[in-house]
Amino acid sequence: MSETTIVKEKDSKLESLLDNYQEKLEERSDQFVKCVNCLHILTHEDTAISVAGNHRHVKTNPYGNTFEFRCYSEALGCAVEGPDESAHSWFPGCVWQYIYCEACNQHLGWYFHGADSFYGIRSDTIHVD
0 MSETTIVKEK DSKLESLLDN YQEKLEERSD QFVKCVNCLH ILTHEDTAIS
50 VAGNHRHVKT NPYGNTFEFR CYSEALGCAV EGPDESAHSW FPGCVWQYIY
100 CEACNQHLGW YFHGADSFYG IRSDTIHVD
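In numbering that gives the first Met the number 0, the protein residues as written are 0 to 128.
Treat each hint with caution, since some may be false.
Label-pair ranges, simulated between beta-carbon atoms [to be verified]:
1) D123 with A51: 18 to 24 Å
2) N53 with C103: 24 to 30 Å
3) L13 with H87: 42 to 48 Å
In silico EDC-like pairs for lysine to aspartate or glutamate, Cα to Cα no more than 16 Å straight-line [what the hints assert, rightly or not]:
4) K33 with D123
5) K33 with E73
6) K58 with D123
7) K33 with E44
8) K33 with D45
9) K33 with E101
10) K33 with D128
Simulated from the structure, these hints should not be mistaken for laboratory data. In this text, a Cβ means the ideal position worked out from N, Cα and C, and glycines have one as well.
With the hints as constraints, model all of the structure from the sequences given.
This is the structure in structure tokens:
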């Protein structure tokens, strides 16, 4: 088998895999979690998880700001930034970092890790469709 034939077969297989992946995404498209500012896909509703008994939490920081956020096991459309912070963590055993939309840089919430790892995405920053 020539090198050209092998490359064409690999390209064909890759194209088939990509088509299959796109079809699966389209089947699930009504469940994407998107940035409300720019509609960048952050995660999928299938990654929603319960942390400390709830998917949704309402917490107040030391400055008196109250946030409602939802917990997700994955959020590939989010950028995690900043040092690990242990002060004022709402979840014992977890440190946190800020998360931002990879596309528009809007602050979305926090990435918690330690005993558990999850994304806390503020409800007012997302659109589920």
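Index of numbered hints that the structure contradicts, given in increasing order
The structure breaks none of the hints.
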